[in-house]
Amino acid sequence: MRLRLRPADTSFYDLFARSAEHLVRGAELLAEMLSESSDKEAVAQRMRDAEHAADETTHEIVKKVNATFVTPFDREDIYALGSGLDDIMDMMDEAVDLILLYEVKTLPAEVSQQVEVIQRCAELTAEAMPRLRSMKSLEDYWIEINRLENAGDKNHRRMLATLFSGEYATIEVLKLKDVVESLEGAIDAFEKVANIVEQIAVKES
Amino acid sequence: MRLRLRPADTSFYDLFARSAEHLVRGAELLAEMLSESSDKEAVAQRMRDAEHAADETTHEIVKKVNATFVTPFDREDIYALGSGLDDIMDMMDEAVDLILLYEVKTLPAEVSQQVEVIQRCAELTAEAMPRLRSMKSLEDYWIEINRLENAGDKNHRRMLATLFSGEYATIEVLKLKDVVESLEGAIDAFEKVANIVEQIAVKES
Amino acid sequence: MRLRLRPADTSFYDLFARSAEHLVRGAELLAEMLSESSDKEAVAQRMRDAEHAADETTHEIVKKVNATFVTPFDREDIYALGSGLDDIMDMMDEAVDLILLYEVKTLPAEVSQQVEVIQRCAELTAEAMPRLRSMKSLEDYWIEINRLENAGDKNHRRMLATLFSGEYATIEVLKLKDVVESLEGAIDAFEKVANIVEQIAVKES
Numbered sequence: 001m002r003l004r005l006r007p008a009d010t011s012f013y014d015l016f017a018r019s020a021e022h023l024v025r026g027a028e029l030l031a032e033m034l035s036e037s038s039d040k041e042a043v044a045q046r047m048r049d050a051e052h053a054a055d056e057t058t059h060e061i062v063k064k065v066n067a068t069f070v071t072p073f074d075r076e077d078i079y080a081l082g083s084g085l086d087d088i089m090d091m092m093d094e095a096v097d098l099i100l101l102y103e104v105k106t107l108p109a110e111v112s113q114q115v116e117v118i119q120r121c122a123e124l125t126a127e128a129m130p131r132l133r134s135m136k137s138l139e140d141y142w143i144e145i146n147r148l149e150n151a152g153d154k155n156h157r158r159m160l161a162t163l164f165s166g167e168y169a170t171i172e173v174l175k176l177k178d179v180v181e182s183l184e185g186a187i188d189a190f191e192k193v194a195n196i197v198e199q200i201a202v203k204e205s
Numbered sequence: 001m002r003l004r005l006r007p008a009d010t011s012f013y014d015l016f017a018r019s020a021e022h023l024v025r026g027a028e029l030l031a032e033m034l035s036e037s038s039d040k041e042a043v044a045q046r047m048r049d050a051e052h053a054a055d056e057t058t059h060e061i062v063k064k065v066n067a068t069f070v071t072p073f074d075r076e077d078i079y080a081l082g083s084g085l086d087d088i089m090d091m092m093d094e095a096v097d098l099i100l101l102y103e104v105k106t107l108p109a110e111v112s113q114q115v116e117v118i119q120r121c122a123e124l125t126a127e128a129m130p131r132l133r134s135m136k137s138l139e140d141y142w143i144e145i146n147r148l149e150n151a152g153d154k155n156h157r158r159m160l161a162t163l164f165s166g167e168y169a170t171i172e173v174l175k176l177k178d179v180v181e182s183l184e185g186a187i188d189a190f191e192k193v194a195n196i197v198e199q200i201a202v203k204e205s
Numbered sequence: 001m002r003l004r005l006r007p008a009d010t011s012f013y014d015l016f017a018r019s020a021e022h023l024v025r026g027a028e029l030l031a032e033m034l035s036e037s038s039d040k041e042a043v044a045q046r047m048r049d050a051e052h053a054a055d056e057t058t059h060e061i062v063k064k065v066n067a068t069f070v071t072p073f074d075r076e077d078i079y080a081l082g083s084g085l086d087d088i089m090d091m092m093d094e095a096v097d098l099i100l101l102y103e104v105k106t107l108p109a110e111v112s113q114q115v116e117v118i119q120r121c122a123e124l125t126a127e128a129m130p131r132l133r134s135m136k137s138l139e140d141y142w143i144e145i146n147r148l149e150n151a152g153d154k155n156h157r158r159m160l161a162t163l164f165s166g167e168y169a170t171i172e173v174l175k176l177k178d179v180v181e182s183l184e185g186a187i188d189a190f191e192k193v194a195n196i197v198e199q200i201a202v203k204e205s
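Chains as they are written, first to last, in our numbering: chain A, 1 to 205; chain B, 1 to 205; chain C, 1 to 205.
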């Protein structure tokens, strides 16, 4: 462990933690969107609000980078992490939006598993962000996200095979494919954030 | 503003400005491609020429980075900006190429709005590039590009909903989806360039 | 050429070379998957094994970066190159997996050309990796990869036009489109690696 010569402005950690909290909220709304009994219009509106709140946090991070002389780690990495977290929210928002917009009624059963993966990734990410302060115990986080991404990927391909099995009308296949691809996109975006955290930890160690 | 200790080779700014001028040209050709009366073969050929000219400029940027000892900002950033501008051109070229290749006759009305967004992004980017020299007044540029990208995204999803409304034959849906996704890709690529400029400005300020 | 002040841990070069060897193997399996007479289950299993072996090498690279004090070039670049090589393998694995999963029987004739491009890219990449040591004669490699990517891109669009020509059932179009897009993704991933190598060479020269 090298000497810390830079007095870290600790509030960056708070902002990353807050950013990840938005993701936990977003993942909950995504799960709610799948329930048969949910008011889809209302859930989608709450998702839009959550996405705007996440945007605010991202802008605070960027503004803070611009205004801070000594940052706790490289400016580029702060920037990459902030926008990486934001990208996840965008993908979850896209999934919710497409379900509403396409008037999707029934989704393949495997979709719930995929949303569970997303919820787990969101929790792990929210738990990991405060640990950036000490740069300790982060390895478990990125290993587990990578494992979840692998599981999600397998599940994703199984869903595609289901969609193409002949059970669905072609136009329905197209709609559902867009939805499941946003879910896959969200999981990939979690992995990208985990990779950024890994790179930061490697540099700082 | 920190002291400029590095004598900047100013011709990089000229190359970025030229690169962005190709984008203005490309966006015009894209708009022309949509007009009912246009000779699609001829427009696509002019687009290919414009894309080759843009490639030349990108190669000049890369060659100049290799040959220059002191660059006006980080080599990696020059490289990222050069290839980011090139990616935009590739996406516009793809859109034009697919319209020709798929023999697309009619596009949803919202497509013109999307191409207007692209034209506006191209103008803003071309206006911003010369301002890299002073690193001043760039914030308006990246804020406006982000706003346009948001608007483009909403419009994109509306178009998808139109495509899936049952109005189009399924195979036509597939073709049109590819075309509108290239347009969306071009707008995303403009946003990526704006983000690179923001990062450069953050570092240099 | 600047003075080499850093004693390079040469085994990084061996790991990159090994990583690229996995790609040559993957490209062979991809070609085998296309042959009418192949046992698709068995080839896909061998592909999964090859992909796992490639993962191992990627993890070795990451572990080595973490454990090494003086790296032959920037840690971030080693990381980018390692994960870039890994991404190529993932795309080839996806193509093979989709052919099996979708029970694709016949692919458009142009697919073989695309796989030939992939095989050529894999060979060139494997030949280039050991040259990272001297940073010499790398330019030919990235120029040729860029040329192949351009050819692959043209071929890709021609395939899309074939798919949309009315010759195939719509659901079949969807399946084949996913397969050919993975191939295109593999070629793009080769180009990304070539770009990373170019950037490393620019920095180190």
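It should be emphasised that the hints constitute simulated quantities derived from the structure, not laboratory data. Treat the hints with caution; some may be incorrect.
Same chains, same names: a pair is fine if it fits in one copy or spans any two.
Claimed, not checked - Straight-line distance between alpha carbons at most 20 angstroms, and here's what the computed EDC-like set of lysine to aspartate or glutamate pairs gives:
no.	residue 1	residue 2
1	LYS203	GLU76
2	LYS40	GLU56
3	LYS105	ASP153
4	LYS63	GLU198
Please write out, lowest number first, the hints stated earlier that are contradicted by the structure. 2, 3
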